[in-house]
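Using the sequences and the hints, build the whole thing.
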Amino acid sequence: MTETIINIKNLHAHIDEDGRPREILKGLNLEIKAGEVHAIMGPNGSGKSTLSKVLAGHPDYEVTEGSVEFHGKNLLELEPDARANSGLFLAFQYPVEIPGVNNLSFLRMSYNSKQKFLGKEEMDPLDFDDFIEEKINILKMNTSFLDRNLNEGFSGGEKKKNEILQMLVLNPSLAILDETDSGLDIDALRIVADGINTYKSSKNAVLLITHYQRLLDYVQPDFVHVLAGGVIQKTGDKNLALELEKSGYAVSK
Amino acid sequence: MNTTESLELSFMEQIARASAGNLSSIEEISQAQIIANQKLNNANFPSKRDEAWKYFDFRDILDLDFIQASNNMPPLSQSRISELIDKYVFKESSENLIVTYNGVFSPELSNFKSSIDGLTITNFNSSEELAKNPKAHLLVKKYFARNIKNENNFFNLVNTSLISNGFLLALDDNYQATQPIQVLHLSDKNEFSQIRSLIFAGKNSKLDLLVTYVGVKDAKYLKNSVVEAYLDAGAQVKLQKIQNESKQATVLYNFYAQLERDSKLEFDSYSFGAKSSRKDLTVDIIGSNAHADINGLYVVNGARKSHQKIRINHLAPHSTSNQMFKGLLDDSARAEFNGLIEVAKGAIKTDSTQLNKNLLLSNGAHIDSRPQLNILNDDVKCSHGSTVGSLDEEQLFYLESRGLSSQGARAILTYSFCQELIKRISIESARNYASNLAFANISKQEEGNLVFSTLAENSKFKRYRVENVD
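So the protein lines, in turn, are chains R and V. Last residue of the first sequence: number 253 in the numbering used here, and the count goes up by one each step with no gaps. Last residue of the second sequence: number 470 in the numbering used here, and the count goes up by one each step with no gaps.
For the record, the hints were derived by calculation from the structure and aren't laboratory data. Model, not experiment: these values are computed from the prediction. For every residue, glycine included, the Cβ atom is placed at its ideal position computed from N, Cα and C. Hints are supplied without guarantee of correctness; some may be wrong.
[Said to hold, decoys possible] Dumping the calculated DMTMM-like pairs for lysine to aspartate or glutamate here, alpha-carbon to alpha-carbon at most 20 angstroms:
hint, chain 1, residue 1, chain 2, residue 2
1, R, K9, R, E65
2, R, K159, V, E394
3, V, K357, R, E97
4, V, K423, R, E152
[As the list claims (entries may be wrong)] Not everything, but these chain R residues come out facing chain V in the computed CB check (under 8 angstroms):
hint, residue
5, T64
6, Q93
7, V96
8, F117
Rendered as C-alpha cells:
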C-alpha cells in the first residue's frame, strides 16, 4: 500500500486581525500519498497561502480545529524547524532577504540541521561543495550564486530558483510550492519545473499552489483541487486545471 | 557636600596637581597646555545638566581610582610581548604596527620601518625626535590641538593638559600607503591614561589605518583618548577603529577630523568592550567637494553603556557626508546616539544623510536616539532618521522553516545585522576579529556559536573554491 505522507482533516485556522480572529481555513480535508503531485488552485483570498503557512508552522496562524498527520505523526505540535527537519518543505511565495549571510553557508547549515535532527553525520564544507555543485547544475545556476548573500538583491526569478535549490538540498518528503511559478519568465519556469521533476520520486510528494495552468504543462499533477472559502470545493484530474483556465472558478460552484 | 561633589572636586584637584608639572618641552604643545589649564581652572566637572552629557553616568568615571599614568614603561618580558602581539596584531599589518602600552607610545613594541620616504611615525612630544625631523616639527607646530581655543570638551582639555607622549603619523603629499597600518592601544593597568595621536595626510595621499583598543580582562582603567586627523586637499583616509576594552573600564574617545577640498574620510567605529564608552566625533568639512563617511556599530550587553555623539559640520559648498550607526543591545544595556549635522551659511549643494538603526534583543535594553539637523542654508539635500526594533518575525520564520532552531535563526539574524558594517573592514583577519567580538557579546547559546563559526569560516572556503575552478 502506498504510504500517506500527509493527512489533513477538518482543518480550521484563523489569523489575528486587529485583535479579532478571522477564520480563513474552514474545515479543509486533503490526503497526499507518496508519489503524488497535487495542485491547489483558487481565487485570491481563498486560503491557499494560509494553508501552506499553517502547515509550515507560521506563528501568526492559529489552528482551532482539526488535525494534520505527517507520516502518521501530529504535525501541529511541532515547531517550524522540527517540521522542516521531519521532511516538510515550503517554497515561499515571497522569499525573505537575509543580508550579510552567505548563501552557501546558509545552505550547509540548513542541510546539517536536518542531518543532525535525523542523527546522521553532518557534511563538511568540502563534501558539501561537491554536493551543491550537482544540485546547482540542475537549475543551470552559476556557482557565483553561492557566494552572494541569502536572497539579498536577488531578482524575483533568482529568489524562486534559490527556493528550488533549497528544496533539492533538503530533499523533503513533502514539498509545498507556494506560487513558485509566479513572476517567472518562460525559461525560468522550465528550469524550475525541471528542478521539481528531478526531485519528485515515488517516495515523496509535491503540493503545488498556483494561479496558472502553465506550470502544470511542465509538472503533471495527479490531482487538481479548487480551494475557495477555506475548503476544497472540487477535486479533479489535470483536466480540471484546463477547464478552470478556460472558464474561471465558476466551474467549481 | 555630597559624595558626588567631593569626588568631582577631588578629580579636579588631582588634574590640577598632575598638570602643574607636566608642561611639554615643545613650545607649541606647552602653549596649548597652558590654554587647556586655564580653561580647566574655570570649568566645572561636566554634569548631566549639560545637553552633551545628558545620558552619561558619571559614576563610571568617579568611582574609578585616579592615578596618572606613569611615563616610564614597565619592563615587559620578551615572551609577554610576543604573546600580546600574536594575540592582537593582524597578520596583514604586522609589519606596519604602532603600539601604545597603557597610554604610552612604545617604539620598542611597535614594528614599522622608520626610513620610508613620505611616511613619518614619531613621538610628537620629544624635542630630540622633532630636532631630527623638522618636517614633523612643522606639522606639530601647525596642527597639534589646533582648535584648543574653541575646545570645550572637558576631557579633551584634560588630555591636552596631561599628555606625556603620543605619536604623529604623517604622510607627505602624494604618498599612498600600500599596506594597512595598525595601531594597537593596549591597557592592563588600573589607572587613568591619556592617549593622543596626531594624523596628517598630505595632498593626494592615501592611508588605511586600523586602530585597535584592547584591554586585558577585568582591568579597571579610565582611558581618555584624543585623535586629531587633518586631511589636506585630495587626501583619502580610511580609519577603522575596533574597540575591545576591558569590560570593567571606562573609556572616552575624542576624534576630530578636518577635511580640505576633495579629501575623503572614511571612519568606521566598532565598539564591543568597556563598562562605559563614549565617543565624541567631530568632523569639520572646510573644503568643497570633500566627503565624510562616518559609521559605527556598537554591541553592548549586561549592564554596560555605549554613547556616541557625532557632529558633522558642513562648512564648505558641494560637500557630502553619510552616517550609518547601528546598535545591538542585549540584557539591560544602554546606548545613546546623538548625531548632529550642521550645514553652515554658504555651504550650498551639501548632500548629507544620517541613519541610526537599533536592534534590541531584550526588553531591558534601552536606547536614546537623537538624529538632528541644523541647516542654515537653502539648496541642500539632507536626510536623517532612526529606527528601534527587534528581530524580524518573517525572517525568523523563514530560517526556522529551513530547519534552523529558533536560537540558530536568531544568531543568524544578529550576525546579519552586524555584517552590514563589519564587511566594511578592509582586512580579513580584522573582519573576523570584529565578528567574533560582536558575537561574544550577544551569544549565550552553543547553537549561536555554531552558526557563527560556520558563517565566519566561509571566507576561507570561498578561496578554496575559486582556486579549484582553474
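Comparing the hints with the structure gives:
1. For the proposed pair R/K9 and R/E65, the alpha carbon gap of about 9 angstroms is at most 20 angstroms, so the pair holds.
2. Proximity of R/K159 to V/E394 is assessed by CA-CA distance (about 16 angstroms); at most 20 angstroms being required, the pair is judged to hold.
3. Between V/K357 and R/E97 the alpha-carbon distance is near 18 angstroms, which keeps this suggested pair within the 20 angstroms criterion.
4. Between the alpha carbons of V/K423 and R/E152 the distance comes to roughly 15 angstroms, so the proposed pair stays at or under 20 angstroms and holds.
5. For R/T64, the interface hint is violated, the least distance from its beta-carbon to any beta-carbon of chain V being 20 angstroms, above 8 angstroms.
6. Checking R/Q93 against chain V by beta carbon gives a least distance of about 12 angstroms; that is not within 8 angstroms, so the hint is violated.
7. Checking R/V96 against chain V by beta carbon gives a least distance of about 4 angstroms; that is within 8 angstroms, so the hint holds.
8. Taken as an interface hint, R/F117 checks out: its beta carbon lies about 7 angstroms from the nearest beta carbon of chain V, inside 8 angstroms.
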